[in-house]
Amino acid sequence: MITFDHVTKKYRTNIGLDDVSVHINKGDFVFLVGPSGAGKSTFIKLILKEINADEGTIRVGDFEVTALSNRMIPMFRRKVGTVFQDFRLLPKKTVFENVAFAMEVLHKSPRQIRKQVPQILSLVGISDKAHKYPDELSAGEQQRVAIARAIVNNPAVLIADEPTGNLDPDTAWEIMDLLDQINLRGTTIVMVTHAKDIVDRMKKRVIAIESGRIVRDEAGQYGYKGAE
Amino acid sequence: MGSLMYNIKQGFIQIFRNRGMSLASIFAIVAMLLILGLFFVITVNVNLFTEVVKQDYDQIEVYLLEETTNDQAKELMAQIKAKDGVTDVAYRTKDEALEILKQRWGESGYLLDSLGKNPLPASILITVDSLDNAEEVAAYAGSLPGVDDMLYYQETVEKLTKITDFLQIGALIIMAFLVVVSVIVVSNTVKLTVFARAKEIHIMKYVGATNWFIRGPFLAEGVIIGMLAALISSGLIALVYSKLVEAVGAQVLAIVGCPLISVGYMTTNMIIIFLALGVSIGAWGSIISMRRFLDT
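Going down the list, the sequences are from chains D and W. Residue 290 is where the first sequence starts when you use the working numbering, and the numbers rise one by one after that. Residue 96 is where the second sequence starts when you use the working numbering, and the numbers rise one by one after that.
Pulled out of the complex, with its shape left as it was, chain W reads as follows:
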């Protein structure tokens, strides 16, 4: 316990007395973490977006022929409901369809009032439990008598999934790459500090210091620098992200019908991830860079 306190205290003293180099290391890690954070924010939000879209578009809309009666429609619904993978069926009348269209047109909705006759068909809305079943259900529903046409978004959703998968894999590769680069950058920065103090380390060995005794304060220094960098960068990202959510959040919601990840959730997770990253980058940076000075 005493030696832990000793190392932490020595770590802080070293950071303060080598302010220039410490600051350089902190900036290097902050820069890396900021870029990492950008990808983190994008990945997490793309993830959420995909989930939301998948949920929204697991519906198949089956348009009925004009002459299909209510009884026939009920019969159709019962048949569809019996199918595997169908969780829900709902009936939408011609009037309801027109009402929905009016809402969607918003201020221009009054134009629809001039229509003499409602041109929209009645439809059955099928909800499937998973997108994988959608095609089969759609094919089945399309083959039933009294059905005119149908609409479902499988292709769109599949394309979207492909794009987001691609984005996520890309982001992961770039993030892994960045972690490697930041360990190299940091270990080089720390190596410079250690190199500047190679003489000191040599002197410490003359006095009879063990390797761990010499390493301790440097390790503490690396960990403290990593922690500071993690806090600074997650603070910066949280600030920018909260501004972003505040500014475009509402509009984005309206356009794609998808929310952004909440600032609180994002910040908590980012601080945890960044602290872990920062601390290990700092610790590894100092251990790696000290190795060759501790040989003799």
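So that you can see chain D by itself, here it is in the shape it has in the complex:
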């Protein structure tokens, strides 16, 4: 599903990723761990083509991301759902409109939108909040909206950048349950996290990055002592 082939990304003063090759299978649930500044964000930004690699090729599904023209970027991003630590909801739109927006971008019909948005909202468990604005919701509820928006177009891949970073432990576990369910429906999930307890308990594949290199890639443990 996602393939990095000898990918290098240098910044002016330091290295983001150094000759990284990795393959993530369709339907996988992968944790991306490592200390701050290790290259996790670079990894995610390269997948989303927010930044361009200096060397190597990246493939996501049918797209060769590294060769994507600017005009094709929007088409590509529609196939990838994204969830962030800070939720990134549109503050002037209601919950319903936030999710509907992702469908409007794909020129879905109003009828389809009216039908599908409530289904997704009920899947993530916030049907009753459809007409509230983001700032009227709790952090956990906002993240549910973000997840609803990320999956409403049935993306093959869901990128989650510290989705539980702003949540209390109980809420974090609820979100993890939700992500697990989505993964069970066949969506490939790549999740960046610092939460050792979550990684340890989920027992999924863990890719550890340090100083721009993959230092460990195995199922199971978070593997860092003393990490946050």
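Hint data in this document are derived by calculation from the structure and do not stem from the laboratory. A portion of the hints provided could be inaccurate.
[Stated by the list, open to error] Here are the computed lysine to aspartate or glutamate pairs in the EDC-like style, where the Cα-Cα straight-line distance is at most 16 Å:
#	chain 1	residue 1	chain 2	residue 2
1	D	Lys418	D	Glu386
2	D	Lys381	D	Asp424
3	W	Lys294	D	Glu339
4	D	Lys485	D	Glu507
5	W	Lys189	W	Glu156
6	W	Lys294	D	Asp375
7	D	Lys382	W	Glu295
8	W	Lys104	D	Glu393
9	W	Lys212	W	Glu161
10	W	Lys104	D	Glu386
[Unchecked claim] Ranges between beta-carbon positions, derived for each pair:
#	chain 1	residue 1	chain 2	residue 2	range
11	D	Arg301	W	Ile103	37 to 47 Å
12	D	Tyr300	W	Ile137	53 to 63 Å
13	W	Arg386	D	Trp462	38 to 48 Å
Just so we're clear, the structure is a prediction, and the values are computed from it rather than from any experiment. Using N, Cα and C, we set each Cβ at its ideal position, and we do this for glycine too.
We have chain D already, so just place chain W on it with the hints.
Showing chain W alone in chain D's frame:
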């Protein structure tokens, strides 16, 4: 069609939800258009004034000597009429001249009744087809025998034309300047709104929105704001102008013998011009200010 409706609807929703900024933008454009409108009204009226004056003063009055007989006068008229550029010649008797003077003096006209003898000369009124010929015709008429003196307004008209030309060029420069200033002001206002929503635009890109999809509602927003501002300012100017015409119109007519442009004509033209200006200011304002946010 569906996406046009979508953009218009989103534009209205955005305007409503950002009421404060929308109102600020509308006021900024209205203020600019009002000043523009003031110059527009002045220019158009000065134009009309000049035209009217030019028409009124394309006449040369040739005063005849006391001893010139009617037959000699007829002879003179025939000679003048034969000249190039002369469209009409008319004879004004001593009595007619006195009558006109009496009318002009109005209530004090009775004073002229006490004159024992009519002091005014008979005259020939020459109408020329264009002011450019006036000087030549005047010189020719002045050289004819039996002519005492003559009066024509060429210098006055030329001075007036110079002044109005100057006024019009000045107004045009100021108007062009104002258009540039208003585009800058509006694009800055819109830039503030866009800047406030830079995060939103970023999020839209994450969801896979194309640049035109993101631009659409902002563009609609700018156009709607521009249209509203155009309607408000032309409405205000039409109101003030109609009051002005009502209040001073009659007097101005009496003093300079020149009408003001009609309210209907002024309003129609202003709405068309302002709508075009408002819409393009709004549209350009949003396109310019969004450019840098759509790069990545």
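Now the hints, each set against the structure:
no.	hint	in the structure
1	Lys418/D to Glu386/D	holds (12 Å)
2	Lys381/D to Asp424/D	holds (9 Å)
3	Lys294/W to Glu339/D	holds (15 Å)
4	Lys485/D to Glu507/D	holds (15 Å)
5	Lys189/W to Glu156/W	holds (13 Å)
6	Lys294/W to Asp375/D	holds (12 Å)
7	Lys382/D to Glu295/W	holds (10 Å)
8	Lys104/W to Glu393/D	holds (13 Å)
9	Lys212/W to Glu161/W	holds (12 Å)
10	Lys104/W to Glu386/D	holds (13 Å)
11	Arg301/D to Ile103/W: 37 to 47 Å	holds (45 Å)
12	Tyr300/D to Ile137/W: 53 to 63 Å	holds (60 Å)
13	Arg386/W to Trp462/D: 38 to 48 Å	holds (44 Å)
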